[in-house]
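K.L.:
In case you want the letters, here they are:
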Amino acid sequence: MSQSLQQRNTRSLLTWLPLVMLAGSVFLYLILMGHIRHMKHQQLQLKQDNAWRAFARDTLRVPLKLAGEYEIVPGAMGEDGATDSANLSRLAQTHELDGRSYRVTTYISAKEYRHLLIKVSLSEAIIFVLLLLSIVIINRFESRRLWKPFYDTMSAIRGYDIRQSKRLSLGSTTGVREFDRLNETLLELIDNVDRAYRDQKQFTENASHELQTPLAIIRSKVELLAEGPGLNEDSAQLLQEIAEANERLSQMNKNLLLLTRIENGQFPDMQTIEISDLVRRLGDFFKEYYANEGVQTKTDIVAGVTIRANPALIEILVNNLLRNAYIHNIPAGWVDVRLNQTALVIENSGPAIEGDPGQLFDRFRKGRVDNRTTGLGLALVRQIAQLYPFDVGYIYRDGRHQLTVTFA
Amino acid sequence: MKLLVIEDEPSLLNSITRYFRQEQFVCEGVSNFTDALRRIEDIAYDCIILDINLPGGSGLQLLQYLREDRKKDGVIILSARDSLDDKIMGLNYGADDYLTKPFHLPELSARVKALLRRKYNEGNAAIPLGELRIDLSARSVLIRDQPVALGRIEYNLLVFLATNKNRVVSQQAIAEHLYDGAADQAPGPEFVYSHIKNLKRKLKEKGCPEMIQSVYGLGYKFVV
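The listed protein sequences derive, respectively, from chains A and B. If you use our numbering, the first sequence corresponds to residues 1 to 408, in order. If you use our numbering, the second sequence corresponds to residues 1001 to 1224, in order.
Certain hints may be false.
Here are the in silico distance ranges between beta carbons for each label pair [what the hints assert, rightly or not]: (1) A:284 <-> B:1069: 55 to 61 Å; (2) B:1034 <-> A:238: 36 to 42 Å; (3) A:284 <-> B:1201: 38 to 44 Å; (4) B:1193 <-> A:342: 37 to 43 Å; (5) A:238 <-> B:1069: 23 to 29 Å.
These aren't lab readings, by the way, just hints derived from the structure by calculation. By construction, the Cβ of each residue, glycine as well, lies at the ideal position given by its N, Cα and C atoms.
From just these sequences and the hints, can you work out the full model?
P.N.:
In structure tokens:
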């Protein structure tokens, strides 16, 4: 699983810093212990020397024992050496005076040293924790500041849509050379992609435009031929087939041109449209136009529903949805048109579509083989809906096709 | 009736002039701006069919010239551009109608005739067709003064066929004509047949002779 840059950074700090600090603490503890042992020994030795010197100078007056300080035992023998118990450290040495041996033991309290050790260790622990916290916090803050141009660039790219002809703007001076380079490179890349995309669209538009004239010529010649005196049933049949193919080509070309022009943003003007009127008017027409086929139409249109969009495009959207509902129907089927403030829902009876319903709105993706349609009608619907943006949905259940346009 | 067709594509120009000449129109054709300008200056036409994109200038300039000169020639614009803006601009320049390419010749013919009717009959227009009479201002159809009740689509269909009487009109041309949206996305021609059938039945019930003929599968012809 991926983590954010900051998470990773913090995590590595939190993994390694405590280990380093732990090692440092152990080291410090050992050093401190060594120093304390040395100090204790020095102090015991000093006491030993002082006590013995004082005793040697005046053996009668100086007491043999002072509790917690020293003890002199005449005539005793033994190894020299230091021993530690819980509360006391002692140093025993044998001295000689006038041929007699004395065993002198000096004491110091070990408690203070232990307390000192604990206090120093505790302070060190607190300092280390504070240090760790401040390093993590400073690091987070700093890296957020440091990586800000990167995140700015990222959100700018995320918001960039090649279909909207808006230029991407990235800061050219971020203060960090690497980020400047990144932005430059990205802008170059996007400019190139953008140019290729626009050329492609322009080409489609020009090609569709140029196709209009020959299509118009073919159509007019077919219409003239149809009037000709030499027409017989055989040639009429051929002419009919030419005419049909030419009509399909014209319609397809018209739709392609329209799609490209929508993509090229050539329908920018927005108006408040009373969509209730539009749906009623077109609905009435289709109802009447297809009534002879026995298709039952039911409408439930809330009056006064308005949306903001381009009027020409919305008419195409409504028209294509309605047309779709009647064409992909069954004999003696039904169409149900509902409009309210939030959505336009068009339902119709019909056989299930072949293939993936998710691709229904793709270009040239037809539900079934049908030479009456261009395969672009619903692609246009989606393309138009995306402009505003309206949500387009499709559901098929038990012989009901339901297409919904939800106004945002 | 005198017609001028201004269209830069010779083949299309030829189709249009030929189509109109078959209907006793006096029809001239020019294919560039200067020729068009000369003709417009010299002769008054009843109707001018004007392509926007011309070599040597724009059809809109010609239109502007016509209207500034207070010439009353009816103008129908033909354009490969079908955006609403172009349409509105054309009409604002003083065009009477606007048709986008590719178009059907019967549709162009119907538009021309409608324009001429508006221009010369001042509203109380009627199409007499023997025993049948279509009263355009009242939107009614009479057979020997007996009214025939027709639905909106059937009425429009009859008017379209009658306007193009004695000519073959394809199902596609009919479907596009019947569609009353501005979206240029007419429903398919496959159901024209059933409307023709209904229309014929209703006319026959009132004792009208068989006037609508099917021409092989190519289309229909209103024979008078």
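K.L.:
If you check the beta carbons of residue 1034 (chain B) and residue 238 (chain A), does the distance land in 36 to 42 Å?
P.N.:
Between residue 1034 (chain B) and residue 238 (chain A), where Cβ atoms are some 41 Å apart, the hint holds.
K.L.:
Using the beta carbons of residue 284 (chain A) and residue 1201 (chain B), state whether their distance is inside 38 to 44 Å or not.
P.N.:
violated (22 Å)
K.L.:
Look at the Cβ atoms of residue 284 (chain A) and residue 1069 (chain B) and judge whether their distance stays inside 55 to 61 Å.
P.N.:
Violated: the Cβ-Cβ distance is about 43 Å, outside 55 to 61 Å.
K.L.:
Confirm or reject the claim that residue 238 (chain A) and residue 1069 (chain B) have a C-beta distance inside 23 to 29 Å.
P.N.:
With Cβ atoms ~48 Å apart, the hint is violated.
K.L.:
Could you see if the CB distance from residue 1193 (chain B) to residue 342 (chain A) stays within 37 to 43 Å?
P.N.:
holds (39 Å)
Of the hints listed earlier, those the structure fails to meet are numbers 1, 3, 5, in rising order.
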